[in-house]
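Undergrad: Below are the chains, spelled out letter by letter.
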Amino acid sequence: MTPQDDLGRAVEAVLFAAEQPMTIEEIKAHVGSQADVRGALAGLEALYAGRGIELVRRGERWHFQTAADLAHLLRRDREEARKLSRAGIETLAIIAYHEPVTRGEIEAIRGVQISKGTIDVLMEAGWVRPAGRREVPGRPLTYATTAGFLSQFGLATRRDLPGIDDLKAAGLLDPVDLAFEAELEGEASETVTEDE
Amino acid sequence: MTPQDDLGRAVEAVLFAAEQPMTIEEIKAHVGSQADVRGALAGLEALYAGRGIELVRRGERWHFQTAADLAHLLRRDREEARKLSRAGIETLAIIAYHEPVTRGEIEAIRGVQISKGTIDVLMEAGWVRPAGRREVPGRPLTYATTAGFLSQFGLATRRDLPGIDDLKAAGLLDPVDLAFEAELEGEASETVTEDE
Amino acid sequence: MEAAPPDTLTIDIDGWEGPLDLLLALARSQKVDLRQISILELVEQYLVYVNAARALRLELAADYLVMAAWLAYLKSALLLPRNPEETPSPEELALRLQLRLERLNAMREAGARLVARDRLGRDVFLRGSPEGLRVVRKGRYEAEIYDLIAAYGRISARTRPVMHVVAQRDVMTLEEAIERVSTLIGARIEWSAIETFLPEGARGMYRKSALASSFVAALELARQGRLELRQKSAFAPLYLKASA
Chain A
3 MTPQDDLGRA VEAVLFAAEQ PMTIEEIKAH VGSQADVRGA LAGLEALYAG RGIELVRRGE
63 RWHFQTAADL AHLLRRDREE ARKLSRAGIE TLAIIAYHEP VTRGEIEAIR GVQISKGTID
123 VLMEAGWVRP AGRREVPGRP LTYATTAGFL SQFGLATRRD LPGIDDLKAA GLLDPVDLAF
183 EAELEGEASE TVTEDE
Chain B
3 MTPQDDLGRA VEAVLFAAEQ PMTIEEIKAH VGSQADVRGA LAGLEALYAG RGIELVRRGE
63 RWHFQTAADL AHLLRRDREE ARKLSRAGIE TLAIIAYHEP VTRGEIEAIR GVQISKGTID
123 VLMEAGWVRP AGRREVPGRP LTYATTAGFL SQFGLATRRD LPGIDDLKAA GLLDPVDLAF
183 EAELEGEASE TVTEDE
Chain C
89 MEAAPPDTLT IDIDGWEGPL DLLLALARSQ KVDLRQISIL ELVEQYLVYV NAARALRLEL
149 AADYLVMAAW LAYLKSALLL PRNPEETPSP EELALRLQLR LERLNAMREA GARLVARDRL
209 GRDVFLRGSP EGLRVVRKGR YEAEIYDLIA AYGRISARTR PVMHVVAQRD VMTLEEAIER
269 VSTLIGARIE WSAIETFLPE GARGMYRKSA LASSFVAALE LARQGRLELR QKSAFAPLYL
329 KASA
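Protein chains in written order, with our numbering: chain A, 3 to 198; chain B, 3 to 198; chain C, 89 to 332.
Keep in mind that a hint or two might mislead.
[Said to hold, decoys possible] List of simulated lysine-lysine pairs, BS3-like, C-alpha gap at most 25 Å:
#	chain 1	residue 1	chain 2	residue 2
1	B	K85	B	K118
2	A	K85	B	K118
3	C	K329	A	K170
4	C	K296	C	K320
5	A	K118	A	K170
6	A	K118	B	K118
7	C	K119	C	K163
8	C	K296	C	K329
Hints were generated in silico from the structure; no laboratory data involved. Every value quoted in this text rests on a predicted model; they were computed, and no experiment measured them.
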């Protein structure tokens with residue numbers, strides 16, 4: 003067995019035994035600070051690809067989980083996953099796609115005030131956290147998603163949010179004011195081009 | 003992928019997610035009663051041989067475990083992460099919001115006495131430090147938070163803590179329930195006993 | 089609900105999360121790209137809907153009516169001859185509305201795609217019984233930012249009423265009033281209205297407190313035989329005079 007295999011086995015065992023997803027630093031605390039953990043993780047990822055168990059990255063953390071296509075064999079009836087309200091789902095989506103974002107900005111997109119408790123529920127679930135203040139008058143608090151959010155929804159990074167690139171390219175993540183300006187300018191320049 | 007591989011993946015995922023070692027009958031309840039689970043187990047046993055994870059049989063039951071020779075990487079410690087008591091987290095919150103603050107002031111804000119151990123625990127965790135004496139009669143010691151506190155809670159500065167208005171908007175200032183009040187009273191009488 | 093015309097949505101006001109949400113649902117019923125919707129038609133649909141709801145005497149929240157009023161204005165502005173001086177132009181207002189609908193729609197779809205993903209604990213699973221790892225740091229305490237701010241919220245909620253109770257109010261105590269009325273009454277020869285016993289310049293809550301205390305003081309002094317009270321009828325002015 004090569005040293006590389008030894009490290010692979012060690013990382014595999016550590017992640018397998020872990021109760022929480024682990025960062026590379028945390029893995030190193032077990033397998034040695036000099037180890038090429040990143041390389042070992044890449045090797046394991048390839049080794050497990052297509053198997054019933056998969057190695058996945060969620061934010062800065064790694065963990066093993068069952069393959070998604072086997073959900074039907076494993077789904078647990080007693081698992082009463084917290085059902086989010088529509089307001090909760092939309093608020094979570096707005097925070098995830100726009101973070102960091104203030105309560106006022108969330109309300110502007112939804113066109114309605116957020117009722118008490120909507121953000122509270124998301125924070126309690128561990129998916130949303132306060133993310134500092136915006137340096138504008140009133141210094142409103144902003145919100146962002148957590149590592150727990152990425153794990154829960156199976157995202158390696160925020161860039162894996164469904165359709166985020168398209169939304170960004172279409173300007174749909176820009177505030178209305180900005181989009182409005184762009185739209186007016188676009189029209190204006192089109193007109194100029196036509197006239198030439 | 004052959005049918006045998008599909009079955010292997012299914013058994014692998016079921017055993018991985020299981021909370022207890024499983025019999026072949028129990029596995030069949032998930033993957034189908036006609037399946038050749040015994041054959042799939044043999045296949046998995048061979049596949050995992052020599053890896054950081056092993057498939058092992060204990061009596062009639064099967065489960066995955068980390069390879070015995072890697073146990074030194076994992077050794078469990080019963081002194082696991084502990085959750086702060088309610089008194090601890092409340093005291094920490096008061097120090098964070100009001101620092102530098104004396105013990106008497108913390109008690110006045112909490113409305114309940116705090117036992118000596120509460121602040122000791124916060125200091126041991128590295129989140130609170132003594133911050134000089136207040137120049138009033140008795141020269142009481144004041145307490146403040148540390149840099150370790152900021153990094154634990156993911157704050158850039160103390161000013162990033164949500165203000166009272168933010169808490170209100172998030173529904174965190176809703177009336178406390180009676181059970182909680184009762185608990186507080188219990189705590190208060192405990193403190194008296196400790197001090198005697 | 090059969091009363092609704094066949095081409096309008098069923099009236100179900102509880103299902104909407106505000107007027108923008110309702111507008112979006114109506115816009116989607118046009119079955120074209122949001123970029124292509126007819127704002128005029130949308131305005132018309134909304135007004136029909138709101139009128140139908142009102143005809144059924146459903147309680148509409150104020151913001152639905154505010155939106156209806158604004159849309160009615162937008163509609164007339166779009167139909168009437170242009171006033172070039174007017175800014176923003178009705179077309180610009182319509183464009184802004186369309187941009188808002190697009191953004192809400194984008195987030196609604198994103199939210200639906202998000203919750204449909206393979207969720208941990210529902211579709212994919214972590215290891216059922218991990219052996220667990222040694223915690224390297226000794227006695228590490230765990231707490232999350234949520235625990236911290238929720239704790240502070242709890243303390244604030246708990247102490248808030250207390251702070252309310254201890255708020256200092258400017259009052260005249262009964263002792264003060266007895267002292268004051270018994271001193272002043274000696275100097276009065278004629279019947280004097282009770283109001284003339286109040287300190288000069290007493291205003292607002294303090295004046296009310298002084299009046300109430302002075303009244304009780306007058307009763308007490310009358311009981312002691314030190315002054316007499318006179319009142320023509322209930323709620324008529326109350327007069328005080330020292331006992332002869």
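Undergrad: All the hints need checking, so say for each whether the structure fits it.
TA: Hints versus structure:
1. The straight-line distance between the Cα atoms of K85(B) and K118(B) is roughly 18 Å, inside the 25 Å bound, and the hint therefore holds.
2. The suggested pairing of K85(A) with K118(B) is violated, with an alpha-carbon distance near 42 Å, which exceeds 25 Å.
3. At roughly 85 Å between alpha-carbon atoms, K329(C) and K170(A) are farther apart than 25 Å, so this suggested pair is violated.
4. The straight-line distance between the Cα atoms of K296(C) and K320(C) is roughly 22 Å, inside the 25 Å bound, and the hint therefore holds.
5. For a cut-off of 25 Å, the pair hint linking K118(A) to K170(A) is broken: about 30 Å separates their Cα positions.
6. In summary, the hint linking K118(A) to K118(B) is not supported, as the alpha carbons are separated by about 36 Å, beyond the 25 Å threshold.
7. Distance hint between K119(C) and K163(C) is fulfilled; the C-alpha atoms sit about 21 Å from each other, no more than 25 Å.
8. As the CA atoms of K296(C) and K329(C) are separated by approximately 22 Å, the hinted pair is consistent with the 25 Å bound.
In the structure shown, a violation is registered for the earlier hints numbered 2, 3, 5 and 6, in ascending order.
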